[in-house]
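A.B. asks: Put chain B on the given structure of chain A with help from the hints.
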Amino acid sequence: MDKLLHIQNNEKVNRADIPHLPFDTFRQQLLACAAAGGQVVQFFAYEDQGVSKLLAVMRTDKLYVGGCDAPDSFASLTAESEKFHMFEREIGEQYGLKAEGHPWYKMVRYHANCSGKKDVFDNDYNQDIPGNYPYFSVEGETVHEVAVGPVHAGIIEPGHFRFQCCGERVFHLEIQLGYQHRGVEKLLQSVPMKRMPIIAETIAGDTTIGHGLCQAQAIESLAGLQVDEGAKIVRTIALELERIANHIGDLGALSIDVAFGPPAAYFGRIRGEYLNLSQILGGNRFGRGLVRAGGVTHIMGDEQKQLLRDKLDELTPEVENVSELIFSSPSVTGRFDNTGIVSKENAEKIGLVGYAGRACGLKYDARVSFPTECYGGLPANSNNRTDGDVCSRARVRREEVMHSTRLITSLLDRKEEAQSYTPQEIQLASQSFVVSINEGWRGEVSHCILTDEKGGILRYKVKDPSFHNWTGLALSLRDEGISDFPLCNKSFNLSYCGFDL
Amino acid sequence: MLKVIKNRIEQGHRTSKYPKEQINLYKRFRGLPKVDAKCDAALVKRCADACPQDAIDAKSCKIDLGRCVFCGLCETLSGGRFATFSQNFEMGTASRDDLFTTGNLPALAEHSKKHFKKLFGRSLQLRQISAAGCNACEADTNVLNTPFFDLARFGIQFVASPRHADGIHVTGPISKNMRAATITTFEAVPNPKVVIASGACAISGGPFFGSEDIIGDLNSIIPVDLYIPGCPPHPLTTLHALLNYFK
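Note that the protein sequences, when read in sequence, are chains A and B.
If you count the first sequence from 1, position 97 lands on 97 in this note's numbering, and the numbers rise without skipping.
If you count the second sequence from 1, position 143 lands on 644 in this note's numbering, and the numbers rise without skipping.
Bound conformation, chain A alone:
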């Protein structure tokens, strides 16, 4: 890693200072970092004055960045470390750069590349999906295949799932997404600045604050904007409310997936109460329109603080009681325990993030490792059960709900008030780079911006935690009964639109 540049989260870096290595050195550096326990935060291609280039941000307990000129085809890193597998497929799809020797090289989202190079997957994009993609298949007399989606039997997002089964037992699950692809990164590189926050907030609706915050911080860094302490408090509270609402909703849904109805009804309603708290903060249940580069659009006055305090006082005991109802019920624990296990070793290999990673024993929490906003001065959480099964994922979420509640309560006692918001003209620094990382409720959310010589956006890269974690869901199904799929799925609850972009 000695040839990569050590950077900080949200640090403005001159692009000229980023080590530009020969490809072989670049490859060796990334692999050495991965072998030493490092994980990939960003690994993507971009074009600068007609030349294709690669850029990677790696994390250990620190952040590192490095780049290189991209050969049209190159020796796959995935062949040596699984941590790069999805990133290399994405690079091939977006820029037509082929990773030779990738063990399962197929499209990610099904769209033509932007470089005009020959499509590496031989797809004809004039055809509506499905394209030319081989599914992993298992053969044998008792083997059968179950195909589900893209349209699912519920109010949920589209995606295609292919199960290879022997009777009820799942050998392998392959997940093909891309149906939600709406060209987010391309839009972010081309639209006027005024549209940027609206698009960031709709990368994944349930992570409105997570993605909105990443973009705001990245822009603040490149435009040299300062954020006052009061605004940071509001932002931190908003991110934690988002975490609580989603975890609560999922705990209820997990309960109904094992046919234990009452907690699902209670938590369904209670989730709404937390969304309504976001509405008190910023006028929208998902936190839309609250976070903007430079601060927050709504200050949190005594009235809002008191409303939040009162509601949290009312809800917290209810949350504790309903959680207790779930986890003390033998019929629930009987289904949660030892179902959908992802080993710590596999979690490490594929780079699981967020609660899914923590439930496998990976400690990483961006709030602790690379703190932004108020997180530097707030206590970290710890988890009691990290066996990698559905039960661990559920328990980690329960613990995070209580931890987040404590964080919000302590933040509400702080005195600083945000300054009122005035929209301003934003000019980004030229020839610069920034990577922004926040712990969204699902895990590590990261945005990356590269600017050109005029301060225009040359490349905007988005990574939702789901980009890592879908592979975790696929692994959790191995050797499980197919009827446990809904349970495993809900224990991860990944984003289709955040992945598809």
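Result set (SDA-like, lysine to any residue): computed pairs, CA atoms no more than 25 angstroms apart in a straight line:
(1) K311/A x E522/B
(2) K186/A x V51/A
(3) K344/A x D484/A
(4) K194/A x A543/B
The hints are simulated quantities; they were obtained by calculation from the structure and are not laboratory data.
C.D. replies: Below, chain B alone, put in the same frame as chain A:
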């Protein structure tokens, strides 16, 4: 068992009495905008230029609720002199043109097609199609099934199969990759059927307008009967639209 009973008592009865009793949303909620058409033209132009969704027509002083994401910027910029967002969540319309508004929407109930009321007034089964949005519309549609809203008490349900449905409820800007699935699902619903476009995306492409990877307007591939604006529509906006259009 005792815990189940204890929790049941603690939770009590939470279902709202809407629409018999009105619900007042918190003052910061941004619902139907009211426009002051007499406001200074330069200020209107400033708001129109700054609007991230290009939803304001400076000439007519109208806001297109089909494009608006209710971010509140025009209210902030104009200090409330051009637009103010009210807490009125009742915003569904039966025609796209009605969404261009200064704040007065026609009563939805009168614009409902009479045969829909007769056919679906007592029982309405909808197939939801999620087509490339951000999942916020889906999430706030899903909550209609939670005890507070309890959609089923009105005889309205979201069903698993298009064959069991009376219509489709579409969210998202219809990515090219979802075009075929959206049309196939629509075709699988038996006639007569109703089509609902929910959220800015399904109506106009929403935040993603202009992207070459989306269709951006459900009505351009399937004729829409009911429009529910918002980004996402508040659950009460959806509930109001469904009740007024079909009941």
